[in-house]
Every structure is written in structure tokens, then in C-alpha cells.
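Those protein sequence lines, which keep their order, are chains A and B.
Under the numbering used here, think of the first position of the first sequence as 3, with each following residue one higher.
Under the numbering used here, think of the first position of the second sequence as 3, with each following residue one higher.
It is possible that some hints are incorrect.
Claimed, not checked - Computed Cβ-Cβ distance ranges for the label pairs, DEER-style:
id : chain 1 : residue 1 : chain 2 : residue 2 : range
1  : B       : E12       : A       : D170      : 32 to 38 Å
2  : B       : R63       : A       : K149      : 39 to 45 Å
3  : B       : H102      : A       : D170      : 52 to 58 Å
4  : B       : P150      : A       : G163      : 51 to 57 Å
5  : A       : V40       : B       : L114      : 57 to 63 Å
6  : B       : A53       : A       : E171      : 27 to 33 Å
7  : A       : L100      : B       : N32       : 43 to 49 Å
8  : A       : V19       : B       : Q183      : 56 to 62 Å
9  : A       : D170      : B       : L114      : 29 to 35 Å
Hints listed in this document are in silico derivations from the structure and should not be mistaken for laboratory results.
Predicted, not measured: the structure shown is a model, and the values here were computed from it.
The beta carbon of each residue, even a glycine, is placed where N, CA and C say it ideally should be.
Number of protein chains: 2
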Amino acid sequence: MPGVGPRSAERIALWMVQARHDQPEQIAQNISATRRQVRPCNLCGFFATEALCEICRDETRARDLLCVVEQPTDILPLEKTSAFRGRYHALGGRISPLDHIAPEDLRIRELLQRVEAEQLSEIIFALAADVEGEATTNYLVDLLKAKPLKLTRIARGLPAGGGLESADELTLYQALTGRTQL
Amino acid sequence: MPGVGPRSAERIALWMVQARHDQPEQIAQNISATRRQVRPCNLCGFFATEALCEICRDETRARDLLCVVEQPTDILPLEKTSAFRGRYHALGGRISPLDHIAPEDLRIRELLQRVEAEQLSEIIFALAADVEGEATTNYLVDLLKAKPLKLTRIARGLPAGGGLESADELTLYQALTGRTQL
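One chain only, chain A, in its complex shape:
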């Protein structure tokens, strides 16, 4: 398991063998139940226990806003901000020729189907601010630029709490060129 080294593993193993209550058995059952029940949402790819995830089933969320992310796990930090009330689409990765990940390996066809089927007004690209995230965003923008849609990208710039001295050159460059009117 991630984060469990040899010493922790030994402690857990001994606890499992020596426990007088049925907690280890309960954990085992929960693990298999979770494995059985949690599957990717048919629409967005997020974690779901039914055909659609909780976010896609939520009728109160804006139906015309779509946020494209790389991994379903990227949805969790975005949800924590409470800044976005639309729905998501997880690609399942990003285009990366070095890792043999081509556009066909991502859920791009599903994204295009959603664009056709749903009345979207804006797609927000929330991919990583690195070369591959950028390349994937550009690829998708090229595919979608002919559609009557607003295409936006989350801002690049100084992270919260950061001073100028701790920012790297590229971040400062993007912060300067992407400056906002006050």
C-alpha cells in the first residue's frame, strides 16, 4: 500500500494476527466492497457507485459549464475550492508521446460526444501547467475551436501566499503577461 514501508507493514501484520476483535476482518470486507462498488462514472470518469457519479447526478449544478481535467483525482481538489458549480470531464491522462499515450488513449471521443449532446456554453481546461498538460490543452482547443463555445483555461501565475523571490522565471513571466485589470 502507498505510504506503508517495511516497518509499518510489520506492525500492521502483527496487529492483524494478534487482534482479538474483528476489526481486521471488517477492513478486509470494506476493501472488497469498495473495490466492487466504486467504478468510473459513465459520463465524466469520476468515482461513482452507480452509472453516474454524484456530481453528474446533481441537478443543482450548472449544465452548461464543463471543466476538463487529466485524472478523476484532480476533481477532488477542484471541488474543495467550491469555486466551480458546473460538471467535469476526466480525460484519464494527458498526451505524452514519451509514455506512449496518444490522443486515442484518452477519453477525448467521449468529450466530443458530450459537446454534441449537451448545451455547453463554456469549457474550462484545468490541466497541469507543464509541457504535456499544455500540449493536451492545445490539442483539444484545436479540435473544439470551431464550436460555438467559450474555451478558457485556469490562470497561470503566482501561487497564493508566494512572494516574487520564491517564484521561478516562467511563473513570473506568465504572471506578468497574464496580468489582470483591477
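Given chain A's structure and the hints, the job is docking chain B onto it.
Below, chain B without anything else, positioned relative to chain A:
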């Protein structure tokens, strides 16, 4: 000296005493010469050897763009990006009641004088993305908002090379709300 611990200090001290060439003496002379020659620029507060610094004397730089920073040292990383071709104004700090730094302790009067004297079209606030940097920016915007000037701030958002999983909540919030059209 910063970055010189007891062990390094001892090594340097022994080298100074035992050196057969006059390098230590040269270093001493250079230190006093630098201390004597380098002073704050009369206009922007950056390091200068004359009344005005190299940036303020540079005739090729845009005269209508002013970038406000906290410390003169913040000018160095901004210059490295080559993204800004205007001039600077270092405040000498930021408003911080806890550290007993009030607006009067900063070079704000000098900034207002420059706004009156120079034909500026835009002031870019490049202060730290934390509470005190934000408060100082807001204070200055309040002072300047009546002037016929464009007031901008460097972008907040995802730093270059960063994924969503490594960004904190506030950074992601600012990246989402400050999203840019593609």
C-alpha cells in the same frame, strides 16, 4: 555573512591569514568600494551607482509603464523574465501593522509624485500574493483609482510546471476564478 556557517567561516579565516597572494585584500577593497558606490536609485529605489539606476536611465524602456514592487530585490527576478520593458518603483516593503510598518514608512509619496510627473498609462502591481501584499495593493489602488490610469495586477494561479494535485485550495480557487479565454 548569510550562508556562511561556523565551519565555512573558519575555512575562510584560515585562507585569509595563510594566502600568499593579495586576493583577500582585493576582496576587502571591493567590498568597501561596493558599499561606497551602490546606493538606492533616486527614482525607483533599485540599486544604482549614480543618481539614477541603469533601468531608469535606459531610454529604450517604455516610459508609460510602471511596475510597483515591494523590495528593490524583487526587480531582479522580474528583469530575468524579459517580459516587462517599462520601469519600476520599489516601495521598500509592504504595509504590515504587526511589524509596525505603516503607509508612511513606504515610498508611497514618491510613487504619487511619479504618477503626477510622468505620463503613465498603466501601473502593474507585482506585490506578493499574500495577505499583506494584497492589502498594500488594495491601499494603493484606492489612492490611485481616480487617476486616468490602467491599474493591473500580476496574475494569480497555477505556477509553471505544477499539477492540480500539488496546488493548494486558494491557488486553485484563484486559478479557476481568474481563468483566461483561449
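Now the hints, each set against the structure:
Hint check: E12(B) to D170(A), Cβ distance near 34 Å, so the stated range 32 to 38 Å holds. For the hinted restraint 39 to 45 Å between R63(B) and K149(A), the CB-CB distance of approximately 42 Å keeps it satisfied. At about 32 Å, the beta-carbon gap between H102(B) and D170(A) misses the expected band of 52 to 58 Å. Restraint check, P150(B) to G163(A): a C-beta distance of roughly 33 Å breaks the suggested window 51 to 57 Å.
Distance hint check: the CB atoms of V40(A) and L114(B) are about 60 Å apart, consistent with the given range 57 to 63 Å. Against the hinted window of 27 to 33 Å, the Cβ-Cβ separation of A53(B) and E171(A) comes to about 30 Å, which satisfies the hint. The hinted window of 43 to 49 Å between L100(A) and N32(B) holds, with their beta carbons roughly 48 Å apart. Look at V19(A) against Q183(B): about 60 Å separates their beta carbons, and that is inside 56 to 62 Å.
Look at D170(A) against L114(B): about 33 Å separates their beta carbons, and that is inside 29 to 35 Å.
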